[in-house]
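Enquirer: Residue-level listing of the chains:
There are 2 protein chains.
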Amino acid sequence: MQTLNVELGDRSYPIFVGSDLFRTEYLHPYIKGNQVLIVSNETVAPLYLQQLKAALPSLQVDEVILPDGEQFKTLEELSAVYDHLLQCRHNRTTTLIALGGGVVGDMTGFAAACYQRGVNFIQIPTTLLSQVDSSVGGKTGVNHPLGKNMIGAFHQPQSVLASVDVLSTLPDRELSAGLAEVIKYGLVYDAVFLDWLETNMAGLIGRDSALLSRAIYRSCELKAEVVAQDEKESGVRALLNLGHTFGHAIESCQGYGNWLHGEAVAAGTVMAADLSRRLGWISSDDYERVVNIFKLANLPVAAPAGMTADEFMSLMAVDKKVIDGQLRLILLRSLGEAVVTDQFDPQALQQTLNHFTS
Amino acid sequence: MQTLNVELGDRSYPIFVGSDLFRTEYLHPYIKGNQVLIVSNETVAPLYLQQLKAALPSLQVDEVILPDGEQFKTLEELSAVYDHLLQCRHNRTTTLIALGGGVVGDMTGFAAACYQRGVNFIQIPTTLLSQVDSSVGGKTGVNHPLGKNMIGAFHQPQSVLASVDVLSTLPDRELSAGLAEVIKYGLVYDAVFLDWLETNMAGLIGRDSALLSRAIYRSCELKAEVVAQDEKESGVRALLNLGHTFGHAIESCQGYGNWLHGEAVAAGTVMAADLSRRLGWISSDDYERVVNIFKLANLPVAAPAGMTADEFMSLMAVDKKVIDGQLRLILLRSLGEAVVTDQFDPQALQQTLNHFTS
Chain A
1 MQTLNVELGD RSYPIFVGSD LFRTEYLHPY IKGNQVLIVS NETVAPLYLQ
51 QLKAALPSLQ VDEVILPDGE QFKTLEELSA VYDHLLQCRH NRTTTLIALG
101 GGVVGDMTGF AAACYQRGVN FIQIPTTLLS QVDSSVGGKT GVNHPLGKNM
151 IGAFHQPQSV LASVDVLSTL PDRELSAGLA EVIKYGLVYD AVFLDWLETN
201 MAGLIGRDSA LLSRAIYRSC ELKAEVVAQD EKESGVRALL NLGHTFGHAI
251 ESCQGYGNWL HGEAVAAGTV MAADLSRRLG WISSDDYERV VNIFKLANLP
301 VAAPAGMTAD EFMSLMAVDK KVIDGQLRLI LLRSLGEAVV TDQFDPQALQ
351 QTLNHFTS
Chain B
1 MQTLNVELGD RSYPIFVGSD LFRTEYLHPY IKGNQVLIVS NETVAPLYLQ
51 QLKAALPSLQ VDEVILPDGE QFKTLEELSA VYDHLLQCRH NRTTTLIALG
101 GGVVGDMTGF AAACYQRGVN FIQIPTTLLS QVDSSVGGKT GVNHPLGKNM
151 IGAFHQPQSV LASVDVLSTL PDRELSAGLA EVIKYGLVYD AVFLDWLETN
201 MAGLIGRDSA LLSRAIYRSC ELKAEVVAQD EKESGVRALL NLGHTFGHAI
251 ESCQGYGNWL HGEAVAAGTV MAADLSRRLG WISSDDYERV VNIFKLANLP
301 VAAPAGMTAD EFMSLMAVDK KVIDGQLRLI LLRSLGEAVV TDQFDPQALQ
351 QTLNHFTS
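Going down the list, the protein sequences come from chains A and B.
Here UniProt numbering is used: the first residue of the first sequence is 1, the next is one more, and so on.
Here UniProt numbering is used: the first residue of the second sequence is 1, the next is one more, and so on.
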């Protein structure tokens, strides 16, 4: 087991990465009152809920089980969490525990951010994607029919348990989706890590525990460094959204839940790489490396069939990175270095969109 | 016009108190982007919306008009604000302006706290209650069927315009409800202010502008001092809830919107004073002074007919001030000094509840 500390002053917290983490000693120190609400979903609860509850003796432990899927990441479903908290009379010292993927984590964190104007929470991410991405950094929230993650808050957890054991029950498609974000860290920040990923992708896809632990730890470490520098995403943290502006447009157009977030990010990152190539920032060989590593991870490298350039433009215009009508994108200066910029030729963007759409 | 500064480090903001405040010079410096969404209600918008819009030239100004009343302070109505923001493509630099009473202010502030994980907002409170209470201190939120203000956030405005002009259209009953909170400041913090209020209550009820300005300014000043000391209500700020634990139980039992918040606080404060008297902390003469000043302000000094002691106990048990099952109350040590305590004889509380209920 390795411990990583996210340094955020009085909001600092540890991430535990490894095996056999559902233990009282990793949980109790981060629970201040005598009440806990576990939030999970219909898929994960049957697998791990009892194991978690066994590690929480001597506490009032309540649970709420949400339906599984991005399409349920809504204000309406969030109400169910508040209903449980109030029906079970949870007070300001309660701790919410998110047991599930990114949807459960984001919703639980947001519920904790707003219940009685803020209570504690612990993240137990059960997908690779949520372990390396949404459980680090305190972004919480729900979707709106007109845009993803449009309603939310910054709220840091008390601790995160990133267990490689739970990845044994993760579907192949979700494992690949998580690897999309892992690859992103290499592309944005760390060319050496990118090389390592290319070398070890077969082992990662084969669920080698040691390789997965290393990939999770390095991804969390890179994200923790960025979040410590820029908690509220006013600067360098925005780079983590490589591929996300294109990707969100894909998810939004397809309806949440049809494409996995990581799949949309993979295709979106390929589109961002294509635009970077057209601007002359990366070479055609670099572009092919980007395409190939996503292919090695069994991820899509093209936009959904039938999606039009106009649909992309329209959906990208509501992205949170639009400031006063000006679209900003995360693009690649080189493999291992990304920039956020509104300084790009709009014609090049149009060419990228035309290239990837019908 | 007088200006009061609420000192909260990088979240500090001014409160302008006086006449003729719907002017560009008081608004534009607090709007950073080129988009504004005015949130108002069906009662206030016909009276003041055009005047406010005229003071916002050269901006994209959108509006959303909510139904009027505490019963609409819900997550469902909040969705309407997000719908408007997204339909009108407001980005992270947008500013929300709350034009209305406490319900509009709390909902607008909460909408701003969570839209794209936090945007700016300006408060223009149009009731005496919201001018002296909810517009100072950054508490925002909505109600839940099982408890008032159970879902919310701390989010400070960029500025507050407290206009005495708008009080000319306020119904008598709402003016009195606002005076309940003004009286509370005297009881909790300032015996001299309490004396001044007793002397001038007839003039305040008669809507003398100079007296109202002075009462608003002093109330905001006292609240600003408290909020500056204790932004997140971990200590001294809790005293501002004198009468609120009993009062919230009254509002919750009667259904939100039937008793005005200030009316419930008045009756709740009389109950807290009664308990303080039974504990030997204040004299019977002091208790009569408390009853009388609320009567002078045309406010209720008894619980609603038909409400039982058991209903009070049950509803008070979900109060946010309950920590690990222990009820804490704000009580009077003397007129001008309150304490938050769980050290009271439960039998005395039962006697107070029996005295005020059937």
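Treat the hints as calculated values from the structure; they're not laboratory data.
Careful: at least some of the hints might be erroneous.
Each pair may be met inside one copy or between any two copies, as identical chains are not told apart.
[Said to hold, decoys possible] DSBU-like mimics (lysine-lysine), calculated; alpha carbons at most 35 Å apart, straight line: (1) K295 - K53; (2) K32 - K295; (3) K232 - K295; (4) K53 - K32.
Enquirer: 35 Å Cα cut-off: does K295 pair with K53 within a copy, between copies, both or neither?
Expert: This pair counts as neither: shortest intra-copy Cα distance 39 Å, inter-copy 54 Å.
Enquirer: Go through the copies and call it for K232 and K295: within, between, both or neither, with a Cα cutoff of 35 Å.
Expert: within (33 Å within a copy, 49 Å between copies)
Enquirer: Tell me, please, which holds for K32 and K295 at an alpha-carbon limit of 35 Å: within, between, both or neither?
Expert: neither (45 Å within a copy, 44 Å between copies)
Enquirer: Tell me, please, which holds for K53 and K32 at an alpha-carbon limit of 35 Å: within, between, both or neither?
Expert: For K53 and K32, the Cα distance is within 35 Å only inside one copy (17 Å; across copies 48 Å).
Of the numbered hints listed earlier, those contradicted by the structure are 1, 2.
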